[in-house]
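Protein chains in written order, with this note's numbering: chain V, 63 to 105; chain L, 139 to 312; chain Z, -10 to 265.
Don't take every hint at face value.
[Said to hold, decoys possible] Ranges between beta-carbon positions, derived for each pair: (1) Z:Gln149 to L:Asp198: 28 to 36 Å; (2) Z:Leu97 to L:Gln185: 37 to 45 Å; (3) V:Leu82 to Z:Ala(-9): 49 to 57 Å; (4) V:Leu73 to Z:Val8: 46 to 54 Å; (5) L:Ala250 to Z:Ala109: 33 to 41 Å.
Hints were generated in silico from the structure; no laboratory data involved.
Note that the Cβ used here is the ideal one computed from N, Cα and C, for glycine as well.
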Amino acid sequence: MDKRFWVLLSLFLLMTAAGLLLGEARFVFANASLICLSCIGIQ
Amino acid sequence: MRTRWPWAIILGMLIGVTLLLAGCRPDVPAPVRPIKAEVGYSAPDFQLTDLNGRQVRLSDFRGKPVVLNFWATWCPPCRQELPIFQDLHARRGDAFVLLAISEGENREDVLAFVQHYGYTFRVLLDPQLSVGRTYGARAIPMTMVIDPDGVIVYLRQGTVKTGELDLVLRDYIR
Amino acid sequence: MAFFARFTDALARLRRAPVQLTSTLLWNSYFLAPWLKNVPCPGFNCYSCPLAITACPIGTLQHFIIIRRVPLYLLGVLGLIGTLFGRTACGWTCPFGFLQDLLYKVPLPKWRVSNRWAPARYVIFALLVVIIPFIALEPWFCKLCPAGALEAGLPMIALQADLRELTGLLFAVKMVILALFLLWMMVTSRPFCRFVCPLGTIYGPFNRLSGMRLHFEESRCQHCDLCRHVCPTGLYPPEEIDTAGCIRCMECLKACPHGALQSCATGTSCTERSHA
């Protein structure tokens, strides 16, 4: 078995879980739901 | 003498009716406008928490014009226009209410931002974007003016220009 | 990990366009938005699109850089996708990739651009996605992004008349960038993916490490070069099959008449593709 694959897989699983526990999904949600007019080049 | 009686009665009734109507006048309900987050409609009421943890209702401010600003600390045009609001608040803060509604952010981040720039106007927290959604504030910044009767009279998408709100508010400051 | 070999074989039997169309419609299906806006899209799809239901990973990345937070969740999800499938999302679910595949079908004289310029995307990533947003506190990749111009900029000014008066120089620049890319996509295959895309830049290195892997069996190769002709990113599969430029579209596996290009999985021996 490729060790690198399992190391990476667990690392990213851990990162995802940690980020979710830290409530990062909320920041993703707010940013994705709001449109900052200058950020999309309108203003 | 007797012939004057009917006249006295009629006059008395007229005066009475006039007084009655005048007395009733304040109780006559203002024309009911449908509730909708658009210019010309009654602003939907909401309740949010300010940075001090106090509950604030829009309807608390009936009788004064209210300026609603939807913003976020990470939005460059929002950051850019906040000094205009601070200036307006410093000059006319007694005559109107400014509610800067922070969209989707937590108290710590907004408080740190507001303290850093020394803003003194009232900031409300809308972490779930619920009021923002009701008011159609999908694109920010967005600014609304609500007249003393609770009717939305002005809507601006994007940054407001210096002096623009002074002109709008002039008609509504009593 | 026979799963990955089986998965690869399954993909190699599928027609790609229906999958791309389905996922493009799914990522922009509007009604699911309130539940999925906290999930990064595996493909490159603007979250400011009025129909988008997911978050753009690159927009989100810039956002976290601007608000000074480590994007553990976002990088975790992208890392998981990369670790499992490499750049497969580019070839199969990316709406902007699908647009490029469609536009390249426009019958025009074609302009082959060498992959010598592919490292440009690393520079673009470093500057526009990381360094400039970190300093300027504005998502400069988004501000110039042609996908954002097409999916969000145009629909929004079409839908909301009062936004039209806000547009200025930046919007004009954005429209010019979009127009140039649309033209380029008609004459060059997948130019955005190869030379620009920051999401592909993130997924790319995983092609060497991912569970899903491709294999070139030299003994079977008859040097017919069919694989080179079908590759939408201008690679030479026998030599570049696991490099960062491969979008895992499986066109070379489908095209090879000798079974020299094979599905593979990390840690196992590679299996020959059966030919019907």
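Look at the Cβ atoms of Gln149 (chain Z) and Asp198 (chain L) and judge whether their distance stays inside 28 to 36 Å. Hint holds: Cβ distance 31 Å, inside 28 to 36 Å.
Satisfaction of the hinted span 33 to 41 Å by the C-beta atoms belonging to Ala250 (chain L) and Ala109 (chain Z): With a Cβ separation near 38 Å, Ala250 (chain L) and Ala109 (chain Z) satisfy 33 to 41 Å, so the hint holds.
Status of the given 37 to 45 Å range, CB of Gln185 (chain L) versus CB of Leu97 (chain Z): The hinted range 37 to 45 Å is violated for Leu97 (chain Z) and Gln185 (chain L), with Cβ atoms some 59 Å apart.
Can the suggested window of 49 to 57 Å be confirmed for the beta-carbon pair Leu82 (chain V) and Ala(-9) (chain Z)? violated, 30 Å
Quick check on a hinted range of 46 to 54 Å for Leu73 (chain V) and Val8 (chain Z), using CB atoms only. violated, 29 Å
Hints 2, 3 and 4 from the list above are not met by this structure, while the remaining hints are.
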